[in-house]
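K.L.:
Read off the chains here:
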Amino acid sequence: MMTVTTEEPLVKIEGLHKFFGQHHVLRGIDLSIKSGEVSVVIGPSGSGKSTMLRCVNLLETISAGRISVDGKLIGYREIDGKLHDLKTKEIAAQRRDIGMVFQRFNLFAHKTALQNVMEAPVQVRGQSKAAARTRAMELLDRVGLADRSGHYPSQLSGGQQQRVAIARALAMDPALMLFDEPTSALDPELVGDVLNVMKDLATSGMTMIVVTHEIGFAREVGDRLTFMDAGVVVESGDPREMIAHPQELRTQEFLSRVL
Amino acid sequence: MSHQATAPGHGGGPGTDQKTTDAPVLNKAVPVRHPGRWLSAIIIIGALAALVQSMLTNTNFRWDVVGTYILDVKVVQGVGWTLLLTVISMVLAIVLAILLAFMRQSENPVLRWSAWGWVWFFRGTPIYTQLVFWGLVSVLYPKIAAGVPFGPEFFSFDTSTVITATVAAILGLGLNESAYLAEIFRAGLKSVDKGQMEAAEALGMGKTKIMWRIILPQAMRIIVPPTGNETISMLKTTSLVLAVPFTLDLTFATNALANRTYLPVPLLIVAASWYLLITSILMVGQYYVEAYYGKGVDNLAPAPMNPAAAKAAVARTQSTEAAPRSPEESS
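Protein chains in written order, with the numbering used here: chain A, 1 to 259; chain B, 1 to 331.
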């Protein structure tokens, strides 16, 4: 589904600003993610990295700047250089091709793991229940949880819930996956399972933006590492290079604290 | 659950089965004594016994009259009408309340304020006043017509043929109740974690689907107990429909019999017994509704395993690439 066009990036963030009231959270972010790339974003809490991610699928409105995914402007229609808000329905349609994984999993508490994964394909894409169930079981198997399909979220560990959440996002066959600190709410011994699923996903060619504190993941899997602080991109480049030899002082300070 | 209780918890590492050969010696502590429980039991049982004795020996209760009228045709019909009013008014109120609660959450300010105004009015005036008003609607508006204000008229009907005493009673009870239920539903919707909405939005679900399929089912857990309370309250509020006037419900029937026989006490007991019986049945119903909407949270009966899942699980365990997964007991 993703046509590899030579130059044009899949995700293009240009001059992104975000205000929460008077609070200027994002102060001009520029970031491009090529198709198939794993782009890891790190930074201290409050640096705006999660907000930036949430702007990509419009969970936060964009105060200034533009985001486009696969060449299409997110949240707006541009007519004669003037921006028009998209309707709720049109925004929903744009979100369908962007998968999102949350820090707190956010599985539907009243539905089993299987029902969680089947929900959107049936209700949004209009797939038959049988087809959606088959696909959901494949995905649950892929994240190692086929035997937990009948469990409710409250019966699953955090790591298991997060893997179901990844399967749920994948069921929509997204062109892009957003990960918002997917392992931050997990007990340390459960982090590995989730990271393994994400590694597997990266290997399969999925385009991913990963906001995380897992420097090891960035080094091992990332194609690009971006360090954000106080609402701006401080440094961006090859993860291994950047972790070994950070150029900016703030990056050096941050890495020395987390490594 | 504390030290070496039972099952290995979630996410335990692979193969750390700590089978200790010598079983632990269970603690046998002397339990705390509760003399207060015995004392309170004696007092309450004594009081109850006195009450029962007085009820049996005091001939003014006229239990024979209670027996005569408890299954009287007028009384049983009254029970039927009371149930009918309760059920239909509650259904009307619930439908309106869902609508009002959604309106209160709407991004459309007109809808938001209309819902607010509705609740303000119907909660702010007495139910008795509202019932009298609905009874008088046909006097106030003898004819109701549909058309353009100050313009042509499409059709019209006599109010009294449509707003009968039954309809007036149902409208009075239902609209009043909708205002209270709307607040209960609003509280329920607000109680659902914001993350549920975000997750559904991120999957590209539309607003209506998110409400009906994700938010409302989870809100029901909070909504059902107070709504059960309101239903029981409604059952007894139907006794006010005399204000319409509607004259077939249980309270009116027993009052009429009491006035005719000059025996109010036994007929009050007849009415009270029926209300108590219906309330008890409603409480049983509420238990099951609560269990249904508690699934995944309060009600964790092991969900049935999908056959395909079972097969996949077996297949994987055989080709042991044992990823560190929680070795829970079979489910």
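Just so you know, the hints here were simulated from the structure itself, not pulled from any lab data.
C-beta: ideal position from N, C-alpha, C; glycine also.
Hints are not guaranteed to be accurate.
As the list claims (entries may be wrong) - DSBU-like mimics (lysine-lysine), calculated; alpha carbons at most 35 angstroms apart, straight line:
1. B:K194 with B:K207
2. B:K143 with A:K82
3. A:K129 with A:K82
4. A:K72 with A:K34
5. B:K143 with B:K295
6. B:K209 with B:K143
7. A:K87 with B:K194
8. A:K72 with A:K129
9. A:K129 with B:K209
10. A:K72 with B:K209
11. A:K72 with B:K207
12. B:K74 with B:K194
13. A:K87 with B:K143
14. B:K143 with B:K207
15. B:K236 with B:K190
16. A:K199 with B:K209
17. B:K236 with A:K82
18. B:K28 with B:K74
19. B:K295 with A:K12
20. A:K34 with B:K207
21. B:K74 with A:K89
22. A:K12 with B:K236
23. A:K129 with B:K190
24. A:K199 with B:K194
25. A:K89 with B:K28
26. B:K207 with A:K87
27. A:K72 with B:K194
28. A:K82 with B:K295
29. A:K199 with A:K72
Claimed, not checked - Derived coverage of chain A by chain B (criterion: at least 3 residues anywhere in the stretch with Cβ under 8 angstroms from a Cβ of chain B; other residues may be distant):
30. 32-38
31. 59-71
32. 84-93
33. 150-156
K.L.:
Please go over all the hints and tell whether each is borne out by the structure.
P.N.:
Here is how each hint holds up against the structure:
no.	hint	in the structure
1	B:K194 with B:K207	14 angstroms, holds
2	B:K143 with A:K82	54 angstroms, violated
3	A:K129 with A:K82	42 angstroms, violated
4	A:K72 with A:K34	14 angstroms, holds
5	B:K143 with B:K295	50 angstroms, violated
6	B:K209 with B:K143	40 angstroms, violated
7	A:K87 with B:K194	21 angstroms, holds
8	A:K72 with A:K129	31 angstroms, holds
9	A:K129 with B:K209	17 angstroms, holds
10	A:K72 with B:K209	25 angstroms, holds
11	A:K72 with B:K207	22 angstroms, holds
12	B:K74 with B:K194	52 angstroms, violated
13	A:K87 with B:K143	43 angstroms, violated
14	B:K143 with B:K207	40 angstroms, violated
15	B:K236 with B:K190	29 angstroms, holds
16	A:K199 with B:K209	33 angstroms, holds
17	B:K236 with A:K82	61 angstroms, violated
18	B:K28 with B:K74	62 angstroms, violated
19	B:K295 with A:K12	42 angstroms, violated
20	A:K34 with B:K207	32 angstroms, holds
21	B:K74 with A:K89	56 angstroms, violated
22	A:K12 with B:K236	64 angstroms, violated
23	A:K129 with B:K190	30 angstroms, holds
24	A:K199 with B:K194	29 angstroms, holds
25	A:K89 with B:K28	65 angstroms, violated
26	B:K207 with A:K87	11 angstroms, holds
27	A:K72 with B:K194	28 angstroms, holds
28	A:K82 with B:K295	49 angstroms, violated
29	A:K199 with A:K72	28 angstroms, holds
30	32-38	violated (count 0)
31	59-71	violated (count 1)
32	84-93	holds (count 4)
33	150-156	holds (count 7)
Checked against the numbered hints above, the structure breaks hints 2, 3, 5, 6, 12, 13, 14, 17, 18, 19, 21, 22, 25, 28, 30, 31 and satisfies the rest.
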